[in-house]
Amino acid sequence: MAPEAIDDTPADLRPLPPPCPVEESVFARIYEENCGLLVSLAVRKFQVPLVDAEGLAHEVFLSYLRHSEEVRDLHHWLIGAICNASRYYWRKHGRNIEQLDTDVAAERPDPRSRNVLIDLPDNIALAEVLDRMPPRWAHILRLRYIEGYSIKEIAEQQNVTSKYMQKLVAKCLHRAQEIFNGLAHEE
Amino acid sequence: MTHSDDVDHLAECSACRQRFAANVVPFDPAARRSREREFTSVAGKLERERDASSDVVARYLRDTPTDEWSRLAEMPDLRNNAALELMSEEVRRRLHRKPREALAIANLSASIAESLAPSQYPNVVLAQLRGTAWKDRASTLRYLARYDEALEAAERGEEALEPFVSLEHDRAVIRMVKGMILAQQERFEEAYSILADCRRVFRDYGDITRYVQAGRAQASSLYNEKRHTEAHDLLLELLRDAIAASDIESQAGIHNNLGYCAAHLGDFVSANIHFSETVAKFTDLGFTAEVPRTERGAGLALIARGQVTTGLARLREARRAFLMARMVEDAGLCALNIAEVLIERGDRSEARLLTQDVIDEFTAGGMNQRAIAAVVELRDAIDVDDATAETVHTVHAFVESLQHEFHGTAN
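Going down the list, the sequences are from chains A and B. Residue numbers for the first sequence follow this note's numbering, beginning at 533 and rising by one. Residue numbers for the second sequence follow this note's numbering, beginning at -17 and rising by one.
It is worth saying that the hints were derived from the structure and are not from the lab. Treat the hints loosely; a few may be bogus.
Claimed, not checked - Just a sample of chain A residues kept apart from chain B, beta carbon distances all over 12 angstroms, derived:
#1 589
#2 602
#3 613
#4 617
#5 664
#6 668
#7 707
#8 711
#9 712
Said to hold, decoys possible - Straight-line C-alpha distance at most 20 angstroms; calculated SDA-like pairs for lysine to any residue:
#10 A:577 with B:174
#11 A:624 with B:384
#12 A:577 with B:-12
#13 B:27 with A:703
#14 A:577 with B:-15
#15 B:208 with B:174
#16 A:624 with A:599
Bear in mind the structure is a predicted one, so any value in this text is a computation, not a measurement. Each residue gets a CB set at the ideal place from its N, CA and C atoms; glycine is no exception.
Given the sequences, and given the hints that come with them, work out the whole structure.
Written out as structure tokens, the structure is:
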């Protein structure tokens, strides 16, 4: 007489009691209160590029909707979700994305670089320089030195690596200097 | 409290969550607002569908012959998330009693999920719907012991989720079923690794119920691999988690599993304590059918390990409880388990009395005539001193097969 095997667990769980009716405003509050946290976790803990981190957080919120009735601890669930999503993100992208130089990539505009622009004779000259540059290069310089984005953020926006963006910004600056020198010569 | 950026602490501490999030500004505030609008709009849609679909699935299933269920995929009011959630619930409800019906519903569900318009929900939600439908199909096929097909269904579910990085929890739910299938195919190493990974994911999400469930599946895999000590240790760890989460049903199941492990490890005192804990917890929960099943399983496990007196006491208790619950078939099968031991011990008169009781109970309960005839034949064999333990075992297997055949036909 063989003993019965150890009992297997059911593949599905008993349902939780139905929740109270939920209004859309409750979901809006969940999004508002937690979106920043999820994006921060993806960016700061896992170095996920900001643009992608926003996308990941949004996907986490959408995936939460089908689980909302069974989630007992919202923050634990959302944090677990963004951490796992970030890990999976790197598993999927790890081979295609250059390792970031995090110091350079995260840094805001260099004060010395800012001075380069401040030292330009005036804003008109700056506008003229930017007008004479290829549109994309001008856009990059505006983002970096006027709007204050980091190299990493611009790289994400332009869909290139941070290292490449770092070189491109240097090239743009060099070209800007050449144009400025030309303008000065014309005068 | 020590404040930190540790994720477990962030889950607990509102102040640290605010501080941690303070330094990252939205890359594109307009895009974030647009995403928030999409989120609330989808949330509202899902809620409205749930409100409007409360009994739609049960009604269609009730009013449509089983062999025409596949045609229900065309019904517009079944082609939404709420209806699919209800179908998943119907699968779960019927899995143990009517697995073929459960499979028909899971197939219907997969068919609907795969054919929903891409514009109906965001891609990530569509992927979840498909993943769940394939997981349900995998579960039912596993229950029907069609393991290769079950594995294929689980893998279809994984494929549906693959493009979405945010669906680790959904992925783990499917992979847990996959792990259980692999364990039943005796691919223990793969099963163990998958289940361990699922457990980690469930822990990350704070889903303690599934965390314990995956752990029990891991323990089951270890037990079937005859690694009883490791299974026992893992179960003790899970018992602590289930107690901390006040999950009484899991505690009951874990005690039962621990009973089996202890019996295998020769610690019969401990085995008896765990089995008694299981019975007490199922009784508290009102799971009346689980109480005699536990007693019966415990009795058989103890007898197999040579603890005949204790085992017989448990089998007798199980039979009494089955009769109390009017579960005549199970009570009869339990009596045959007892008769087998009695014959083995040479106690033919009690075995004879017991088989006569079974005949009377089966007759009064209008049971299958072939089952009654088989037990009558057994009683007659005992009368002429021609019955062995093997004879009783064969009759037991025959009656049990009729039970499955009956339920299969009823499906």
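Identify every previously stated hint that the structure contradicts and give their numbers, smallest first. 1, 2, 3, 4, 10, 11, 13, 16
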